[in-house]
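The primary structure of each chain is shown beneath.
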Amino acid sequence: MAKDKDIIGGCLSGSRRDQELLYRRYSPKLYAVCLQYAGNTEEARDVLQEGFIKIFENLSRFSHEGSFEGWMRRIIVNTALERYRNRYYLNRVDDIDEVTEPEAAPDTDDFAGLEAYDLLNMIMELPPKYRMVFNLYAIEGYSHKEIGEMLGISEGTSKSNLSRAREILQKKVMILTGVTRRMVNV
Amino acid sequence: MFEREPNIDIVFRNGLKNLEVLPPADVWDSIPPMPLRHSRLRVISGIAAGVAAMVSLTLLATWYVRNNNSPVLLSEVTTLDSDAGDLMLDIAKAMPVSRPAEAKIINLISTATPSGNDGQIPVPPTVSETTELVASADIPATDDVPDRPARLFTDEINVVAAGRFDEATKNLKPSVSDLTGVKAAQRFLVGASLSPAMGFSRSGENARLAELINSEKTRPAYTTGVSVAYKISDRLSIQSGIGLSSIGQTISDVAVYAGLSNHYAVKSSYLYSVETASGLILAGNTDLYLTDSKDRVGTLIQGNMADPSKYNLTRVGSDIQQVFRYLELPVMLRYKLIDRKVGLNLSGGLAYGVLVDNSAYTGQGSELIRVGHTEGVSSFNISSQVGLGMEYNISRKVIFNLEPVFRYYVTPLSEISGSLYKPYSVGFSSGFFFKF
Chain A
1 MAKDKDIIGG
11 CLSGSRRDQE
21 LLYRRYSPKL
31 YAVCLQYAGN
41 TEEARDVLQE
51 GFIKIFENLS
61 RFSHEGSFEG
71 WMRRIIVNTA
81 LERYRNRYYL
91 NRVDDIDEVT
101 EPEAAPDTDD
111 FAGLEAYDLL
121 NMIMELPPKY
131 RMVFNLYAIE
141 GYSHKEIGEM
151 LGISEGTSKS
161 NLSRAREILQ
171 KKVMILTGVT
181 RRMVNV
Chain B
187 MFEREPNIDI
197 VFRNGLKNLE
207 VLPPADVWDS
217 IPPMPLRHSR
227 LRVISGIAAG
237 VAAMVSLTLL
247 ATWYVRNNNS
257 PVLLSEVTTL
267 DSDAGDLMLD
277 IAKAMPVSRP
287 AEAKIINLIS
297 TATPSGNDGQ
307 IPVPPTVSET
317 TELVASADIP
327 ATDDVPDRPA
337 RLFTDEINVV
347 AAGRFDEATK
357 NLKPSVSDLT
367 GVKAAQRFLV
377 GASLSPAMGF
387 SRSGENARLA
397 ELINSEKTRP
407 AYTTGVSVAY
417 KISDRLSIQS
427 GIGLSSIGQT
437 ISDVAVYAGL
447 SNHYAVKSSY
457 LYSVETASGL
467 ILAGNTDLYL
477 TDSKDRVGTL
487 IQGNMADPSK
497 YNLTRVGSDI
507 QQVFRYLELP
517 VMLRYKLIDR
527 KVGLNLSGGL
537 AYGVLVDNSA
547 YTGQGSELIR
557 VGHTEGVSSF
567 NISSQVGLGM
577 EYNISRKVIF
587 NLEPVFRYYV
597 TPLSEISGSL
607 YKPYSVGFSS
617 GFFFKF
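Chains A and B, in that order, are what the protein sequence lines are. Just so it is clear: in the first sequence, position 164 is 164 by this note's numbering, and no numbers are missing. Every number in this note's numbering is 186 more than the matching position in the second sequence, counting from 1.
Be aware that a few hints might be false.
Stated by the list, open to error - Which bits of chain A does chain B cover? Going by a derived footprint, with three or more residues having C-beta under 8 Å, they are: (1) 20-33; (2) 49-60; (3) 161-172.
As the list claims (entries may be wrong) - Which chain B residues stay away from chain A? Per the calculated CB distances, all over 10 Å, these: (4) F374; (5) G377; (6) S401; (7) T404; (8) S447; (9) G470; (10) Q507; (11) R511; (12) L523; (13) S545; (14) G549; (15) Q550; (16) G562; (17) S565; (18) Y578; (19) I580.
Don't read these hints as lab results, they were simulated from the structure. Quick reminder that beta carbons are idealized off the backbone N, C-alpha and C, glycines included.
Given only the sequences and the hints, what does the whole structure look like? Please build it.
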């Protein structure tokens with residue numbers, strides 16, 4: 001199997017075949033990311049297309065120092081954020097400073113039977129503002145301050161949205177798995 | 187104290203970590219070929235290289251001038267013909283003049299020359315203290331007529347020493363005082379030239395590139411422009427100017443049909459692309475249907491929706507002409523190997539080019555149809571050039587130059603094939619130059 005570095009070199013030298021190879025290799029993973037953020041397949045499709053155009057446009061800037069997949073993932077996430085900002089900026093909710101804690105979280109062992117697709121569907125069903133914050137905080141590992149800057153909201157709102165997202169997800173998980181016991185590990 | 191991460195986060199993070207979902211099949215088709223952009227670093231380095239080349243040549247010329255400065259004053263005679271006694275010296279504007287190997291010193295006006303001082307020229311009577319002012323002159327051997335008073339033209343004499351003649355020591359003492367009313371020397375040349383050439387290219391080790399090059403023919407290239415040269419010395423001159431250079435390829439065996447737009451409405455800025463050694467031709471003319479048998483043509487159209495037989499399309503071409511034109515700023519050094527009426531020059535230098543035209547056509551003669559442009563062609567390039575040319579002095583003012591020229595592109599012509607694609611050309615440069 002061709003190495004990423006060789007494929008990147010081929011892409012930079014204009015090879016359409018290498019561009020397609022790169023796309024075929026990474027689009028399934030990145031499309032899953034798009035679905036996480038977009039919430040529906042049509043939007044995810046557009047994010048993937050736009051994201052890959054940006055990846056190709058900026059490929060020469062990749063320094064080969066970090067993870068290539070991570071680099072592409074960041075571009076996809078940023079593309080999704082950009083679209084979200086453009087779409088939801090005017091309809092954004094007022095800042096909420098109170099943080100409501102989720103009731104409790106089940107143990108991870110209780111989710112052993114959950115399929116990745118189930119998890120994805122749960123995230124996709126979240127309202128956009130909760131979905132974005134949950135993805136950025138829980139999956140990508142950004143802080144509330146960073147999320148606030150990225151989404152144009154306050155830290156408090158970010159915390160509040162995360163809390164609400166967790167709450168919704170926990171309920172969905174419990175319904176799906178039949179887990180009802182309360183856990184102390186919050 | 188660290189905040190413990192809720193399990194729900196970990197569950198989702200781990201659960202989605204390796205999730206893969208196949209995207210819809212048509213997403214790839216809607217991603218256009220990678221747009222190649224000129225990296226800022228490359229543009230800056232190109233400009234820097236051009237500036238560095240010019241600075242280097244300037245410094246070289248300055249160094250040459252300074253290191254060849256004679257201890258005696260040097261100048262040029264401006265007038266000496268049938269009106270004897272009109273000799274005037276431009277000592278105030280004295281410039282270093284290297285003595286041609288074949289030049290010899292003679293007496294221009296023997297009766298006025300102090301005895302025992304062959305080769306010294308009296309200055310005109312209009313200048314004060316004329317009896318003390320003398321000069322030695324280099325006379326080009328080609329115009330020396332034995333046993334007869336030399337009839338010399340203004341631009342054919344170089345004075346290599348001038349000053350006051352010291353009766354006591356018989357030595358020439360350099361002096362710049364007292365001399366006025368002098369004409370300027372002819373150090374500048376301005377001219378126009380045309381250089382048709384044949385281009386070649388080699389592919390390095392890249393098999394696909396070799397395959398592409400083999401399916402392409404180099405179009406006749408040419409460079410034309412105006413130039414100005416400055417004579418640093420008798421033999422050495424520095425030349426610059428502005429020119430237009432045209433190069434390109436013919437992409438063979440690509441069938442081009444017209445009439446597609448009547449049947450196929452498009453939103454894209456192009457429908458077809460053609461892979462070439464110089465880059466990817468994007469057919470912005472969406473009325474054209476392109477096809478070939480060498481796997482070079484790509485399309486955004488699915489299946490055989492644009493089948494020419496199905497839509498009765500008209501064939502308008504069987505190849506594509508790529509044309510690239512560069513506006514060039516050359517900086518050349520020219521050295522006279524033989525300095526006679528028919529001379530021989532050695533020239534070399536760099537030309538910095540900026541892409542001003544990037545087009546692809548099909549068809550013949552006046553029936554040319556624009557196909558689109560080539561993605562990936564460098565916007566800037568630097569080419570080196572050497573030539574060995576004949577120079578014929580038609581008159582005192584006019585020179586005809588004919589020079590075989592070899593040109594090699596220092597920077598890649600194509601960003602796509604990078605350093606693997608090395609075009610070069612061999613041509614004949616011919617032009618007329620006027621001295622003033």
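Hint by hint, here is what the structure shows:
no.: 1; hint: 20-33; result: holds (count 8)
no.: 2; hint: 49-60; result: holds (count 7)
no.: 3; hint: 161-172; result: holds (count 3)
no.: 4; hint: F374; result: holds (45 Å)
no.: 5; hint: G377; result: holds (40 Å)
no.: 6; hint: S401; result: holds (16 Å)
no.: 7; hint: T404; result: holds (20 Å)
no.: 8; hint: S447; result: holds (24 Å)
no.: 9; hint: G470; result: holds (17 Å)
no.: 10; hint: Q507; result: holds (20 Å)
no.: 11; hint: R511; result: holds (21 Å)
no.: 12; hint: L523; result: holds (43 Å)
no.: 13; hint: S545; result: holds (19 Å)
no.: 14; hint: G549; result: holds (26 Å)
no.: 15; hint: Q550; result: holds (29 Å)
no.: 16; hint: G562; result: violated (5 Å)
no.: 17; hint: S565; result: holds (15 Å)
no.: 18; hint: Y578; result: holds (47 Å)
no.: 19; hint: I580; result: holds (50 Å)
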